[in-house]
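Asker: The residues making up each chain are set out below.
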Amino acid sequence: MTKKHAPRKAALKRVPLELLPSGVPGLDQVLGGGLPVLSFNLIAGSPGTGKTTLAMQILFANATAARPGLYFTLLGETALKMVRYQQQFEFFDLSRVGSDVHFLNLSDDVLGGDLDGVLARIVEEIDRIRPGLVIIDSFRSLAGSNPAADPARRLEVFVQRLALHLTTWDITSFLIGEYEEEELRNPVFTVADGVLWLSQAVHRNSVVRKLQVVKVRGMELMPGLHTVRITARGLQVFPRIPERAGTVDRAGGRRLSTGVAGLDEMMCGGITVGDSLVLAGPTGTGKTTFAMQFVAAGLRAGEPAVMAVFEEHPDVYLERAKDFGVDFRAAVREDRLRIIYLRPLDLSVDETLEEIRGSVEQMGARRVVIDSISGFEMALAPTFREDFRESLYRLINALTGLGVTIFSTVEVLESLNGLQLTGYRISFLTDDIISLRYVEIEGELRKVLTVVKMRGSDHSREFRAFEITANGVLLRESLRHYDGIITGVPTRQLRTRGLTHAGLTEREVLVLETVIRSGGESPAAIARQTGLNLRLIEPILERLVQLNYVSRTGASYQGIARPGGP
Amino acid sequence: MMQRSVTVTEVARGFWARDAVDVGAPEEVIAAAERICVQLQAGLVRWVGTEGYRALLHRVLELARPDHPALSRVSCNGSDEQEIAAAVRAHGAAEVTAGMVALVATLIDLLGRTVGEEMAVELVNQAMAASPRRASNTRTEGVRND
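Residue numbers (the working numbering), protein chains in the order written: chain A, 1 to 566; chain B, 567 to 712.
Check before you lean on any hint, since a few could be wrong.
[Stated by the list, open to error] Label-pair distances were calculated between CB atoms; the ranges are:
id	chain 1	residue 1	chain 2	residue 2	range
1	B	617	A	313	53 to 59 Å
2	B	645	A	15	50 to 56 Å
3	B	638	A	113	20 to 26 Å
4	A	108	B	660	35 to 41 Å
5	A	220	B	624	52 to 58 Å
6	A	46	B	621	26 to 32 Å
7	A	203	B	638	57 to 63 Å
8	A	161	B	617	35 to 41 Å
9	A	364	B	608	54 to 60 Å
10	B	576	A	32	48 to 54 Å
11	B	621	A	21	38 to 44 Å
Calculated directly from the structure, the hints in this document are not laboratory data.
All residues carry an ideal CB built from backbone N, CA and C; glycine is no exception.
The shape of chain B in the complex, shown without the other chains (with noise of 0.2 Å):
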């Protein structure tokens, strides 16, 4: 399990809760989550290219997954609607919840790494707010509500 300080993941929870309106509501956890992974996915690549953001989330999901299976399954490179929402059935919209939050920790955390914390926080932050939000009505069919 990676080492990481409170600060980043109080920082993932706090990007999550502002982007989850009803963080306990299935619907709303898949699409909180799809945009996440749409919005870093935009963001981010306009910093490392397709390649490199493949390549850091790969190394995110890598260190992710073990603590939290509800990713097993997630790649989040860009819309991932599907995987997230066979995820949700899976696990559960908390475990999701909680893996979610470690994928975005765990990218500040590398991020950090090559660029500083502080700075990769702020990173994170522009890509969240830079990318269009998408349509947070997404209608998934058969989600478990936990």
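The shape of chain A in the complex, shown without the other chains (with noise of 0.2 Å):
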């Protein structure tokens, strides 16, 4: 017997969540495009961290004439208290108030203890007014309203109720609790839709508000404790920055020039488009001046620039850009550079990341530097400090992901016993690393400079001596002949001259390479230039003399140029 089989039914349509816009900056983001029309949400926090003013602003945001927003204040600041600090900030619209938005106090039924009276009096109200969204403030005090009851059990019932009510009136609405961390799991929470949870993290005198969204039905959220900045236009919510989806756009590994002489060449090029490149040096040594002929030769080229500086005042850079041929006056006036000057001391680096990503946006910038990230992090509320190293990492990723290319200037200790390529370990992060450092050579304080690293490039591995000018960075000779340059004093190399002068000891080869680089020096010159006592260079320069490698004239010696001689 054949069996029979139903008739398949044709595929069910899925009905999309309708979603209203939280007016909230970065807020729809974090909650994955918005709030679910119709949700029954709570917004919990413990006091000063903003649940009221986010709640007001959600209300300004949506409510119109036709379906307008109720704001019910039971317990704790009168509806009026309330007007009166909300309209300080800009989303607060008085001529809204009694037409789009209304406000109720319901504090005396509250007080009576009667918690049915207080639920028929909000329908009662929402029957009149007919709103479409609804805000409950704060709807924990109704705990504590009846000292002879169970408080934690009454209020579940009651919110159990009011959510039945709510739903089935096509309203989405928002209960303000006063809740601690330790408290999540308190059932209230499961009956919601939706929790936002407000917190702030103090350290020392830094306070820091963060958002987290614990759950929304149906949304795909974004995880995790996101920064929260109170001003004048209310809350606004820096989204934690995301890793980065999917590869970044190298524009076919073309290169951009550093701006600086002979530094592209060490670096097959140029810095390829998209990467991160960090250089790493001591105080003094010159960061912001290459930081700056960086954005320069992007101008020069057409290419807009952002500047996120932490140490120096915008009025530096511009000033001293004069000197690289480049107005950085003008480019600010005609929008191809922006300098963004953030010194705040609770910075987080999802706000740093936002005023960058912004303005890079805005006005299409392909260079980005970073000056530095030193000050960067000094900047940063302490509580970000403890995870900079991740942050930054973000903060790149970010940034790279946009298909800019970051110039970051980091300083390091000055170290004699060895070279610290970038400190704070942040190597693994970036693709191209230069690193600077002060050197001694010949009894000066010499600059020298090298490209440790670069992402799937080749470079050049050489150190470069370079000094900062009036003009700018000016790469000098190459110290292929030293050794020991990263113990910070280095030496001449004397192995291969053996060869070439067979016959001359190490010494002899020492003198002789100093009198042939002088030009001309007396014996006291040559022995300060190579560490040897005085009494030993006299003999050495008269042997040099006897087979014809160095010439007299008065008191001064000369090299005397030998076909296959140095």
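Starting from the two chains in their separate frames, assemble the complex, guided by the hints.
Answerer: Printed below as a string of structure tokens:
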């Protein structure tokens, strides 16, 4: 017998969630698009975290005369007081109070302790005003309104009943409650479709507000704690920088000029587009000058740039830029350059990113400078410094994800016994590293640089001396004839010279090299430059004269050019 | 005496004039004053609660009474018909009218300190507009017609 199958049903169409904009910059991104219409939400957190302001901002963003917003105040702040303080925010439009937005104080009903009465009153007002959005602030005060009853249980039942009513009324609702983090398992939270949790981290004198969307049913949320700042515009959420999705478009390996003559050659053509380069060096080595030349080169090539500066005031950059032949002031006026000066000491990485990203997107910037990572860390609130490396990783990832090329500077402590590449142990998050350092050569303090790393590219391995001049960075000679540069006190190489000057001792070669390089020096000067005793220098010089390596004119010795010689 | 802007007094006069059909007639004064007291209470309790409104009104009367003895026995906390009628008998309709205008002006003034003058005017306006008007043909015996 053939088994008969029921005809297959056509696939049922899913109903997409209609979303309300929160009216809070950054929050919709965290929510995965917005707040689901008809959802029953809790806004929880400790006092002073911005719960009421958040609710009010949502209210004003969505209330209309046809579907007004209704704000119930229970105990605590009266509606009048609320208007007093909330009108300080730009989103609070006084002219909409009484038409789009209604306030109602229910303290009388709450003080009576009759939660059925409170619910009945809420129902009555909702019936009268027919709102699309309802906020109840603060519902937790209901728990203690009747000392005879079990407060937690009473509140749970109340919230359950209220949720049922609000859902059937075609209303999106928010209950505001003061809760501490350890109370997150409270049964009240299971009733809600959405839970927005506000908190503030206090570290010494620094206070940082944060928001976590614990849950919103049906939405793909951005997890984690997101920084919140409250300004005259209300709350702004800075979504925690997400991991970069996909790969960066490296523009087919195109290179950007560093703006420093000779350095591009060392980097086989410059910085690869989309790379993150870190320039590390001790104080005074000219890191900011390098960074400015990178920007100047971009401006000359018609590439807009953003500089995030944390140490010196933008005016200093604008003034110094004149030396590089590029008018930074004009570039700022024409919005080809933005200098973002961030120095508050309670900054978050996400706020910084938002500033930089906003500028990059608005002006189509191709180059970003961060001067310096060390200053950036100092500007962060202590709570963010703890996970600075991780935050920096996310920041750089997010920016290079936009296709920009990042040039960051970082200050490292001068090490006397080795080359400290970048400090901060952040080399893993950069594509390219250039290291600057001081060395002592022939009794002079010199600056040298080397390209330590270029991801996926060949580069010069040599150390080059450089100077910071009035016109910017000037690359000097290669130090390929020196050993021990990373110790800070290099010595001339002697091992290969023995082959060139057969029969000479190492000391004789050293003296000969010094004489040739100097072009004419007295024995005392040669002794100074080689570090050898004068009494040793004189017989060496005599022997070099006899062997026709060196000639003497008065008290001065010069090298004699020899085929195949040095 | 409280210093207040001319505007607030004008606004208060406007509210009074809007509600009083025949400003001179004692019955109309009583009815208008009664309506205003009921409407203010119903409208503002929504914002500050019963206790809050009582406290607010207490302060308003405290400030207004020295210049308006006609308000000495008026409470204006909801329906206050008997006291208002007594005030009209004792001081005359014109004095009670002036007292009620001062009461509303002082109320706007005090509210204005909390939420700003414009918002305060709007709140009073909404209170007057939202509450149901009571019958305007209230009859009161023995009222002096000044």
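Asker: Please go over all the hints and tell whether each is borne out by the structure.
Answerer: Structure-based check of each hint:
{"no.": "1", "hint": "B:617 - A:313: 53 to 59 Å", "result": "54 Å, holds"}
{"no.": "2", "hint": "B:645 - A:15: 50 to 56 Å", "result": "52 Å, holds"}
{"no.": "3", "hint": "B:638 - A:113: 20 to 26 Å", "result": "37 Å, violated"}
{"no.": "4", "hint": "A:108 - B:660: 35 to 41 Å", "result": "36 Å, holds"}
{"no.": "5", "hint": "A:220 - B:624: 52 to 58 Å", "result": "55 Å, holds"}
{"no.": "6", "hint": "A:46 - B:621: 26 to 32 Å", "result": "29 Å, holds"}
{"no.": "7", "hint": "A:203 - B:638: 57 to 63 Å", "result": "59 Å, holds"}
{"no.": "8", "hint": "A:161 - B:617: 35 to 41 Å", "result": "27 Å, violated"}
{"no.": "9", "hint": "A:364 - B:608: 54 to 60 Å", "result": "59 Å, holds"}
{"no.": "10", "hint": "B:576 - A:32: 48 to 54 Å", "result": "53 Å, holds"}
{"no.": "11", "hint": "B:621 - A:21: 38 to 44 Å", "result": "39 Å, holds"}
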